[in-house]
Amino acid sequence: MTRFIIRRMGGLLFVMLGVSLLTFFLAQMVPVDPAATALGANAREEQIAAYRAQIGLDKPATVQYVIYMGRLLRGDLGQSIRTRRPVIDDLGDYLPATIELSLAAMLVAVLVGIPLGVIASLHRNSWSDALARMFALVGGSMPVFYIGLLALGIFWRQLRWLPGPGRLDSAISAPPHISGLYTLDAALAGNWSLLTNAVGHLILPALVLGYFSAAVLLRMTRSAMLEVLGQDFVRTAKAKGLRDRVVVGRHVFKNALPPVLTTVGMTFGSLLSGAVLTETIFSWPGLGRYATTSVTTLDYPAVMGVTLVAAIVYPLVNTLVDIGYSLIDPRVRVS
Amino acid sequence: MATPQTATPLRLFTRRFRKETTAVIGLVIIVVFVILAVLAGLISPYPPLEQNIPASLQPPSVAYLFGADKLGRDIFSRILHGARISLFTGLSVVVMASSVGTLVGAIAGYLGGWWDEAIMRLTDIFFAFPSLILAMAIAGALGPSLQNALIAVAVVSWPIYARLMRGQVLVLRDQEFVQAARAIGMSNLRILLRHILPNTLSPLLVQASFDMGGTILAVSGLSFIGFGAQPPTPEWGVMISEGRNYITTQWWLTFFPAFAMLLVVTGFNLVGDGLRDILDPRLNK
Amino acid sequence: MRPGMSTWRHGSAIALLTTMLLAILAACGKPAAPATPKAAPTTAAATTAPTVPAATQAATTAPTAAATTAPTAAATTAPTAAPTAAPLPEVSRADTLIYAKDLGDLITLDPAVAYEFSGILPVGQIYETLVSFNPGKGSKVVPVLAESWDIKKDGEQWALTFKLNPAATFASGKPVTADDVVYSLNRAITINKSPAFLLIDVCKLTKEGISTPTAGSVVLKIPNTVSPQVCLSVLTFSVAAVVEKATLEANLGSDQGESWLNDHSAGSGPYTLARWERSVSVTMDANPSYWGTAPAIKRVILQNTPELANLQAAIETGDADIVDGLSGDQAKALEGNPDVSLVKGLDTQLAYVGMNATKAPLDKADVREAIRYAINYDDIITLLGGNAETVQEILPIGFLGHTGTKPFKQDIAKAKALLTKAGVAADTEITFVVATGTGLGIEWATLAAKLKNDIEKIGLKVTIQQIQGSELLKLYRAQDTQMMLYGWGPDFPDPDANATPFSNYEAKSLAWRNSWNDPKAIQMSKDAAVELDPAKREKLYKTLIDYVQHNGPFALLYQPTQIVAVRSNIKGFIFDPLDTPKESFWLMSKSK
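Protein chains in written order, with this note's numbering: chain A, 1 to 335; chain B, 1 to 285; chain C, 1 to 592.
Since the hints were made in silico from the structure, they are not lab data. There's no promise every hint is true.
From chain C, some residues computed to sit far from chain A (all C-beta separations above 10 Å) [claimed, not checked]:
#1 K163
#2 G209
#3 P288
#4 W291
#5 D527
#6 S568
#7 I574
Label pairs and their in silico Cβ distance ranges [what the hints assert, rightly or not]:
#8 B:L205 <-> A:A239: 35 to 41 Å
#9 A:V199 <-> C:A360: 56 to 62 Å
#10 B:L205 <-> A:R3: 37 to 43 Å
#11 A:R3 <-> B:V171: 25 to 31 Å
#12 C:G155 <-> A:R74: 55 to 61 Å
#13 B:V62 <-> C:N134: 55 to 61 Å
Using 16 Å as the maximum straight-line C-alpha spacing, the simulated EDC-like pairs for lysine to aspartate or glutamate come out as follows [stated by the list, open to error]:
#14 C:K457 <-> B:E50
#15 C:K364 <-> C:E429
#16 C:K461 <-> B:E50
Think of the CB as a built atom: it goes at the ideal place given N, C-alpha and C, for glycine as much as any other residue.
From just these sequences and the hints, can you work out the full model?
In structure tokens form, the structure reads like this:
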């Protein structure tokens with residue numbers, strides 16, 4: 001067991017190292033002098049040279065990478081050129097918003113995708129199956145930025161059923177910072193009006209962002225269910241006279257679940273990608289928007305920080321899923 | 001043992017494909033869009049960049065089938081020309097990513113050992129990044145343009161092909177016909193090209209089909225936030241971005257490009273679905 | 001046995017995963033949490049090391065030292081994170097004014113550094129200047145922190161003496177002293193960021209020229225080549241705002257307090273800074289000990305709303321009380337809405353195309369002239385829904401010296417002939433850099449596409465490159481754009497506020513950014529600036545306008561009507577394009 005965890009963690013470490021190398025390489029590619037950008041247009045040559053020396057830009061790339069790694073290990077991601085703050089502080093502000101949105105979207109995906117997938121598989125080739133497949137198809141083919149714009153236009157502006165962009169109404173101030181997830185923090189503070197407000201603001205972006213993942217989960221659940229339904233033991237169970245519902249509940253769904261749960265873990269990465277567009281439209285102050293503005297302004301210390309963190313979250317979640325599994329079901333370790 | 005011949009399976013494949021109604025629908029959609037894209041220059045009523053300020057924001061009519069945008073440009077004509085761009089982006093990214101990916105994956109699978117380990121860890125690293133964030137960072141570093149967006153998306157898309165190919169090669173490597181070829185002294189490269197590659201095409205085709213749709217969405221997403229095609233290019237993502245301020249008042253500015261995108265991507269996804277159903281015998285009953 | 005495991009086990013796997021995620025989250029949240037106690041050591045460090053700021057001030061190379069040390073030092077101190085940790089006191093929606101606009105250009109709230117519209121607006125509510133304009137009452141300078149002033153000739157210099165109002169206090173309750181005024185002006189000059197040129201180049205103010213003969217007065221000495229009236233106008237701009245020396249000195253950090261002022265305030269204005277939540281909002285609370293009339297609205301929130309469609313929706317739903325930056329189309333849609341009144345005011349800003357005079361083919365005056373003849377100016381006004389006036393000169397409507405001449409009209413044949421004369425090959429490429437988002441009444445990209453269309457008609461090839469506004473300014477200030485599209489607003493209501501930037505290369509402003517170094521234009525702008533006789537001055541500006549019109553690196557397009565939508569329960573809204581800030585929240589009130 002321990003060896004398995006160590007091996008997985010070792011693999012994770014290796015990926016992290018590669019990720020840091022890749023982000024570093026990316027930053028080297030940028031055709032802009034970070035020192036000149038940081039000091040502004042009025043900087044003199046000697047100022048720029050001094051700053052270059054100070055942040056180590058005058059050294060060869062390999063030395064720079066070593067310095068960069070050294071700072072990274074101390075948790076120092078450098079300073080953002082645009083916001084003039086430590087990148088780690090910026091990320092501390094923006095990351096919780098994205099995690100909250102991603103978790104909510106994941107909830108939507110699980111609550112919509114899995115049940116629909118089960119229903120579709122049980123009524124294969126019926127109208128409900130066709131409808132569910134249609135739903136999945138549109139979800140996988142629709143530009144997320146269009147649905148986002150449309151949803152805001154309809155549900156906020158026209159119908160006024162749901163609140164507009166942002167994480168809270170403008171006049172409401174954020175709950176005391178515990179986790180940075182407004183819904184959780186509001187609940188912990190026992191502030192119900194704040195909680196409802198935060199949840200209200202989450203609904204639209206979570207639905208929009210979760211739609212794509214719901215489609216993926218639906219497909220996965222459906223095919224996993226169909227596969228199990230075709231296996232011998234189901235037929236045996238049926239032959240033994242178990243009623244369909246019990247068969248489904250006790251045998252099929254249970255056995256179809258592992259690949260579905262793995263997919264849930266893997267969808268997390270695509271949620272982070274989707275967040276880039278969703279956050280832009282919903283003025284959601286998260287990692288995606290921070291990444292977008294940082295790339296637009298060629299603020300590469302910030303870009304390196306974001307990509308690094310984003311690239312850590314995904315394999316970390318997957319490793320945790322795997323380890324969590326292996327703790328419960330030792331057979332997983334074999335594969 | 002010889003390589004499985006191609007004539008009979010192809011006919012078999014065609015017969016099966018025809019039975020997949022949805023896949024046929026998907027194929028029809030794609031073919032229609034390809035025809036529209038090829039003939040865009042002939043059938044568009046207006047040049048895609050021609051401005052006509054007096055027609056600004058005109059709703060759909062006989063003169064402007066899908067309406068006109070703020071600058072009085074014909075949305076229908078722009079969509080036709082946009083189809084060219086979208087199909088081109090999908091195709092070029094998939095070609096770039098799949099050729100690099102299959103080559104690298106084949107090397108990993110066939111040579112095995114140290115090569116395999118190194119290449120697979122490299123794909124791990126690429127898989128770690130959320131694709132759009134990495135693509136955005138690359139596109140930003142290269143400078144915003146359609147071409148750079150394509151390169152960026154290709155860079156994040158190749159690892160999946162590498163993994164697929166490697167898996168296939170690992171299975172095929174030990175099969176009799178490959179070993180026979182090796183026994184008669186064929187070079188590694190020849191074995192790869194002549195015997196292994198043709199047998200791995202079907203899963204790659206499924207992946208490529210899904211990727212066409214995914215790429216079109218990704219590139220237009222990049223364009224939407226300003227890292228892809230630049231205005232006034234009639235790229236669909238750019239058109240949606242330009243029309244975003246009018247989404248509730250002049251819906252036609254965004255609806256038609258979004259719908260076109262939905263159709264094309266659906267087409268590729270349907271074909272991908274159909275191909276997978278045919279090629280994955282477990283689900284094929 | 002059957003494969004698989006019981007459902008509760010899956011449940012526990014998910015639970016485990018969730019717990020781990022929350023643990024990561026808690027770890028991520030940590031950097032922000034201990035920030036509050038960290039603020040204390042920062043203060044201590046600053047106070048125990050008074051020699052550092054003193055030394056920096058004395059040295060002439062101060063800005064270098066400050067700038068180079070800033071990034072690393074700021075990384076170690078984290079006072080910026082502090083405000084996010086502490087929740088703001090509750091203020092009811094009825095006492096809150098929500099003002100929505102695109103805050104994409106907001107980069108600083110330090111009055112010595114702020115130069116962007118989104119920065120000047122809050123800074124103008126939090127800090128006060130010696131003198132100001134009366135909002136909505138024209139360009140007469142009125143007292144604020146200075147209760148009176150006089151202007152005397154002193155040899156080769158002008159001496160401007162300001163007598164401070166003894167009643168004026170900072171939000172801390174301490175009086176505003178002459179020492180604070182000197183400190184603030186010196187600080188702006190030392191930091192020497194974007195707006196400092198107003199003091200340094202326009203007023204020709206130096207640190208040596210600032211003195212306090214008595215505790216209640218400040219004397220500014222400027223050379224007699226500068227118009228004292230122009231300088232007085234400059235002093236209404238936020239760069240001349242007064243900060244509380246004692247508070248700031250205690251929080252200097254390593255960047256002269258620049259980053260501290262982004263999250264705290266040290267002013268005497270009717271509002272104080274409560275919180276700047278980056279890329280979300282700026283919250284200002286009424287200054288409880290304000291020395292003037294207490295503002296009726298307890299809290300003002302500037303809400304960042306980058307999507308134009310959301311801006312319109314925000315005012316329709318009442319989510320916002322005031323929205324700024326609507327397009328003409330949106331204004332049309334809002335007409336007849338009983339809950340919303342539209343305030344339209346001819347802005348003083350000008351939209352223009354900047355053509356870098358050293359980057360071929362724009363280095364030839366004929367090519368620039370050809371582009372001016374390629375543009376269809378009437379179409380642009382149509383695009384703006386009529387909410388603009390065509391202006392083709394460097395002075396806006398309403399300014400002394402504005403001539404109203406419009407020599408350019410789309411004339412493709414003439415433009416082509418000019419290109420041929422200049423010997424420019426067909427399809428010569430020009431890169432046209434444009435900001436993202438909405439500019440002066442229309443999305444920049446749309447206007448750019450229109451201009452590209454027109455300019456390509458004469459046989460040039462235009463490639464549009466869209467980048468974020470702040471990045472565009474960075475390129476522009478580094479003289480790195482070939483052709484660009486942007487707006488310019490005068491910083492004070494005097495023709496010199498436009499004439500110098502547009503024509504004087506030495507001022508390092510627009511002429512410089514477009515690499516247009518024309519000695520004749522420089523001299524003309526200098527002469528006109530110091531001419532005291534209004535009639536003569538007007539004449540000088542007329543010749544300057546004509547000269548820049550045909551030789552300069554600009555194609556001026558239009559002067560927009562700014563459309564601000566205000567909910568009908570907001571009273572006392574005044575939009576004064578001449579003033580900084582253009583809107584005064586302390587004069588507004590809100591009824592049910």
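Hints and how they fare:
Every C-beta of chain A lies more than 10 Å from that of K163 of chain C, the closest at about 35 Å, which supports listing it as non-interface. Here G209 of chain C stays apart from chain A, with its beta-carbon at least about 21 Å from theirs, past the 10 Å limit. For P288 of chain C, the non-interface assignment is confirmed: its Cβ lies about 18 Å from the closest Cβ of chain A, beyond the 10 Å cut-off. Even its closest Cβ contact with chain A, about 27 Å, leaves W291 of chain C beyond 10 Å, as expected for a residue assigned away from the interface.
A cut-off of 10 Å between C-beta atoms confirms that D527 of chain C is not in contact with chain A; the least separation is 27 Å. Listed as a non-interface residue, S568 of chain C keeps its Cβ farther than 10 Å from every Cβ of chain A; the least gap is roughly 18 Å. Against chain A, the non-interface label of I574 of chain C holds: every CB pair exceeds 10 Å, the least being about 23 Å. The hinted range of 35 to 41 Å is satisfied by L205 of chain B and A239 of chain A, whose Cβ atoms lie roughly 39 Å apart.
The hinted range of 56 to 62 Å is satisfied by V199 of chain A and A360 of chain C, whose Cβ atoms lie roughly 59 Å apart. One distance hint, 37 to 43 Å for the beta-carbon pair L205 of chain B and R3 of chain A, holds here, with the actual separation near 40 Å. Between R3 of chain A and V171 of chain B the beta carbons are some 28 Å apart, a value that agrees with the proposed interval 25 to 31 Å. G155 of chain C and R74 of chain A have their C-beta atoms about 59 Å apart, which keeps the hinted 55 to 61 Å range intact.
For V62 of chain B paired with N134 of chain C, a C-beta distance near 57 Å keeps the hint of 55 to 61 Å intact. Between K457 of chain C and E50 of chain B the CA atoms are separated by roughly 11 Å; this keeps the pair inside 16 Å, and the hint holds. Distance check on the hinted pair: K364 of chain C and E429 of chain C sit about 14 Å apart at the alpha-carbon level, within 16 Å; holds. Between K461 of chain C and E50 of chain B the alpha-carbon distance is near 15 Å, which keeps this suggested pair within the 16 Å criterion.
In the structure shown, no violation is registered for any of the earlier numbered hints.
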